[in-house]
Amino acid sequence: MAAFYSFFVVLALVVLAWAGAGEAGWKGLFGIYIPYLALLVFLFGFLSKILSWAKTPVPFCIPTTGGQQKSLPWIKNNPWDNPYNASGTVIRMALEVLTFRSLFRNTSVQLQQDGPKVGYNSAKWLWLFALMFHYSFLLIVLRHLRLFTNPVPMPILKLEFFDSILQIGVPVLYQSDMIFVVAILFLFLRRVFDCKVNYISIMSDYFPLFLILAIALSGMWMRYIAKVDVIAVKELTMGLVTFHPVIPKDPIDISFFVHIFLVSVLFMYFPFSKLMHMGGVFLSPTRNMPNFSRRQMWVNPWNDPAIKAHSYAAYEDDFREKMIEAGLPVDKKA
Amino acid sequence: MAKYPPPEELIKINYSTPPTSWMDVPPEFKPGNFSYPAKPDILKYLNFPNPRVWSPMDDDWKLPENWKEIITEGFRERLDKYRSFKIFMDVCVRCGACADKCHFFIGGGDPKNMPVLRAELLRSIYRGDFTMAGKILGRLAGARKLETDVVKEWFLYFYQCTECRRCSLFCPYGIDTAEITMMARELLHLVGCNINWILEPVANCNRTGNHLGIQPHAFKDMVEFLCEDIETVTGVRIDPPLNRKGAEILFITPSGDIFADPGIYTFMGYLILFHYLDLDYTWSTYASEGGNFGLFTSDKMMKKLNGKMYHEAERLGVKWILGGECGHMWRVINQYMLTMNGPANFLQTPVSPITGTRFDAAAGTKMLHITEFTADLIKNNKLKLDPSRNANFKVTFHDSCNTARGMGILEEPRYILKNVVPEFYEMPDNTIREQTFCCGGGAGLNNEEFMETRLRGGLPRGNAVKYVRDTHGVNTLACMCAIDRATLPPLCDYWAPGVGVSGIHELVSNALVLDGEKKRTMDLRQNPLPGFEDEEEE
Ligand code: SF4
Ligand code: SF4
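Protein sequence lines, in the order shown, are assigned to chains A and B. Be aware that the first sequence starts at 1, since it is given in full-length UniProt numbering, and climbs by one per residue. Be aware that the second sequence starts at 1, since it is given in full-length UniProt numbering, and climbs by one per residue.
Incorrect hints may have been included.
Stated by the list, open to error - Label-pair ranges, simulated between beta-carbon atoms:
id, chain 1, residue 1, chain 2, residue 2, range
1, B, Ala363, A, Pro57, 22 to 30 Å
2, B, Glu69, A, Leu128, 24 to 32 Å
3, B, Pro26, A, Phe7, 26 to 34 Å
Note that these hints are calculated values from the structure, not bench results. The C-beta atom is built at its ideal place from N, Cα and C for all residues, glycine as well.
Produce the entire structure from the sequences given, and follow the hints as far as they go.
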């Protein structure tokens, strides 16, 4: 159900842009105003979310330790999974963010009735496709920078060159596009067919998937099928970044407006959704803290000094007679 | 006795999900799947709200009039106090990587025991009350309204989480369901829904200093009783110091080990080791509990109970504190103690009086783990050991969740075990160290009425034990946690019959050769040593 709703919402968005920028001719709205608005919403929303997290205290030092602590010198510490200082923690975070280390650990449970036997198989598909998805997404975003820079910086040209190195078709096919679509499809099919994941999925899981898929497909459509006028597109995008927005004289295929509208929707949706995991992963206290709270004091800003233990004196008052009788030392004689 | 089904039946677990959305599946209370509510007088003693007699099986839970407001306010307060909570509410992508990592899901198949869904029970209310999308789109955005059924569901499932953090290890954002469970339990306290097995120990601990409510003179009696047993086995008379001012070291361990089999053997192990070393130390009857069920209650209660350790160390004038074998006790010491009750400037960084080793890992808390202490002794050849006296035991080791994933003390106990027993075998990789599985009864769920669920949750651990029993003939599951020593025996009897449970220091002192000891013919359990079996029969 959630998947259907999401699909239709994305379809409606496509139709809206198609009709709006086409029939109705609101090219300025779809090509200029909405993108600007989207950018504002994104920046403002993203920052305020990050700030709201950042200003919430971290009362306790609660890393989830994933290996041997640093204790005795002759016992080998696992500095990446159980860091005890800042540099280890940076490496742990880098591995997490860049290589999805925790996901790499993934296993799946197998239950065998005879025995019985519970087994744990390595299950790296999610890791693999998640990695493919995120890295191809990143490449695609970087590649798009050529539309917003003049002259186009060397690294981006290089990137484009390598991304199309297989030289398939005209215009040449970017490998990242293919990988991207395949990865999205995998993530979608997994959500549908893995019954556990299906059961936990809600609309906010399907919607971004469909939206991103629609962005990818509309982008590929305009490049490979509609073959939009890239010069005109660049005129528009450069207008946007230089704050002199214009709708170019030369016509731009409608698919471009669909594409840019969907991207705008994604930008606006981003800060209010689970996509904020992009920011959250850096702030997660179970990962970004060293396991050092036995070495040095971690301060809790709202620690309440008024909370005191039931004192020894009160304890002794309670049990003095019995303690004396048992021959236990007491502070105050009866 | 057998209120729960036999293993052949329990193992028929169905991992498929029902056709109805989880939001439409009401919580179902059955004997064996929940713990009994806290008694009213306990709540009154602790000053907790809404003391009353009630049962989860009742329709009416007698919640306070304005319970919705109370919970919403409590929710808001905690979102403002804990970054972890806020982030964990916001960033889960429902990738499902954590789904089959929870022992309660593996052993029971109830989808609401998938960590992600457990968290969604709370997250759905968060969306409805605190996010724009949830307020406008409601269920479409994964939000739902706070109803009494939601509270019931929370009670059921947040008291079916042992806060073991296994899910957190696998989550790409480190989302820690234990943290979420803690928050949920705090919210439940606000409206008077809590369990007796946690709050009675908390109340006891506050007054008498330990969970069991053992008063000072009785504590002394019990120690003396154990010393008599030690004399029977070793021929050596031990007279341990209690509440002694001016000792160098204060030793604190869970009280669970002083009265019940097999914990008492570990307790005896400490006594023997300290006697052997002629250690300048003391026990305390006031701080006679290492464990801290406050961790399973609220941050306030945790702080209050933990405060005794430093309070007593300061009063007795010791230099540093040595802590016994316990799981959650060490999570509290490692991750909370100094923050809550520090700094401990009246103490010094622990230095072993025997080897001179300075333990900088404990420079802040000034509290050392006994396996760090003993491993250092063995490494420096300070213990005369005869592992052959443990030849009856083929040993494997169970990492407690808290010491594994909330501290990372993995090698020290292994090093000790390998030095004191002739045969040691590891369980399969995915079930030990940081990936270790819970005993099924952590976080205050080790009560009798919850046994069926405990045994289900104990399947992954029990099955791994069974594996080493069948492949290597393992007959002893060593652990360094007092709760484990109480929960693992029934678990082994059920899933891996024939395997017994022991502590590390029980095995250490079996092997430890004391000055002036008599020829040992039996181990601490007074079972004949290898080579002496026949004499027994004569
Ligand atoms: S692994 Fe983490 S992000 Fe994935 S479903 Fe579980 S809690 Fe959510
Ligand atoms: S903390 Fe442990 S018991 Fe709780 S949900 Fe996670 S895996 Fe399950």
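Unmet hints by their number, sorted upward, for this structure: Violated: hint 2 alone.
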